[in-house]
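Work out the full structure: start from the sequences and follow the hints.
Protein chains: 2
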Amino acid sequence: MLSKRWTSFIVFQLLNGPMRFVQIEQSLPNLSGKVLSDRLKELEAEGIVSRNVYPETPVRIEYSLTDKGRALTPILQEIGKWSSEWLPVPEAQQS
Amino acid sequence: MLSKRWTSFIVFQLLNGPMRFVQIEQSLPNLSGKVLSDRLKELEAEGIVSRNVYPETPVRIEYSLTDKGRALTPILQEIGKWSSEWLPVPEAQQS
Numbered sequence: 000m001l002s003k004r005w006t007s008f009i010v011f012q013l014l015n016g017p018m019r020f021v022q023i024e025q026s027l028p029n030l031s032g033k034v035l036s037d038r039l040k041e042l043e044a045e046g047i048v049s050r051n052v053y054p055e056t057p058v059r060i061e062y063s064l065t066d067k068g069r070a071l072t073p074i075l076q077e078i079g080k081w082s083s084e085w086l087p088v089p090e091a092q093q094s
Numbered sequence: 000m001l002s003k004r005w006t007s008f009i010v011f012q013l014l015n016g017p018m019r020f021v022q023i024e025q026s027l028p029n030l031s032g033k034v035l036s037d038r039l040k041e042l043e044a045e046g047i048v049s050r051n052v053y054p055e056t057p058v059r060i061e062y063s064l065t066d067k068g069r070a071l072t073p074i075l076q077e078i079g080k081w082s083s084e085w086l087p088v089p090e091a092q093q094s
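Going down the list, the sequences are from chains X and A. First residue of the first sequence? That's 0 in numbering that gives the first Met the number 0, and the numbers climb one at a time after it. First residue of the second sequence? That's 0 in numbering that gives the first Met the number 0, and the numbers climb one at a time after it.
The reader is advised that the hints may include incorrect statements.
The list treats identical chains as interchangeable, and a pair is accepted whether it falls inside one copy or across any two copies.
Unchecked claim - Listed below are the simulated DSSO-like cross-link pairs for lysine-lysine, each with C-alpha atoms no more than 30 Å apart in a straight line: (1) LYS33 x LYS67; (2) LYS40 x LYS67; (3) LYS80 x LYS40.
Since the hints were made in silico from the structure, they are not lab data. Everything numeric in this text was worked out from a predicted model, so none of it was measured.
In structure tokens:
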């Protein structure tokens with residue numbers, strides 16, 4: 000489930016707290032709205048993300064991690080550690 | 000890279016030490032020889048697994064984790080913890 004492209008990046012963003020669709024989209028520039036929408040639906044179906052609708056005008060919709068989602072934190076942290084130690088820094092980012 | 004089907008299971012098996020092709024194959028009954036062969040080649044190309052040829056008669060070939068491969072251990076452990084806590088036990092395994 001974490002293996003689908005972009006899924007772990009989306010979960011990683013939501014570790015900071017609830018976010019609106021457009022905020023997630025802006026935080027991951029190369030991710031299309033269509034893919035983001037699909038991944039959020041999958042994450043919701045897996046019980047990793049919850050979709051919260053606030054009956055305001057205009058309506059406010061936020062996505063947040065469930066407990067099951069937040070429990071992924073150690074996995075993402077270990078992936079981050081391994082990647083920074085073992086994966087080459089992409090050329091563009093090399094100072 | 001870990002996301003490809005079977006890859007993390009193969010790496011997980013090799014945590015116990017060097018193994019021959021047929022030993023890995025036997026330890027993962029639902030995995031075909033073709034897929035195992037492909038995944039081992041990919042893991043070798045990624046520097047996660049090394050293929051050791053011993054010039055005996057018949058020749059002996061063993062696969063083992065590199066340092067980069069062994070460094071995946073914490074990720075696999077965290078995935079194991081998360082899965083056992085959050086994923087339902089498949090019916091067949093329920094006692």
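Results for each hint:
1. LYS33 x LYS67: within (24 Å within a copy, 35 Å between copies)
2. LYS40 x LYS67: within (16 Å within a copy, 34 Å between copies)
3. LYS80 x LYS40: Both: 28 Å inside a chain and 25 Å across chains, each within 30 Å.
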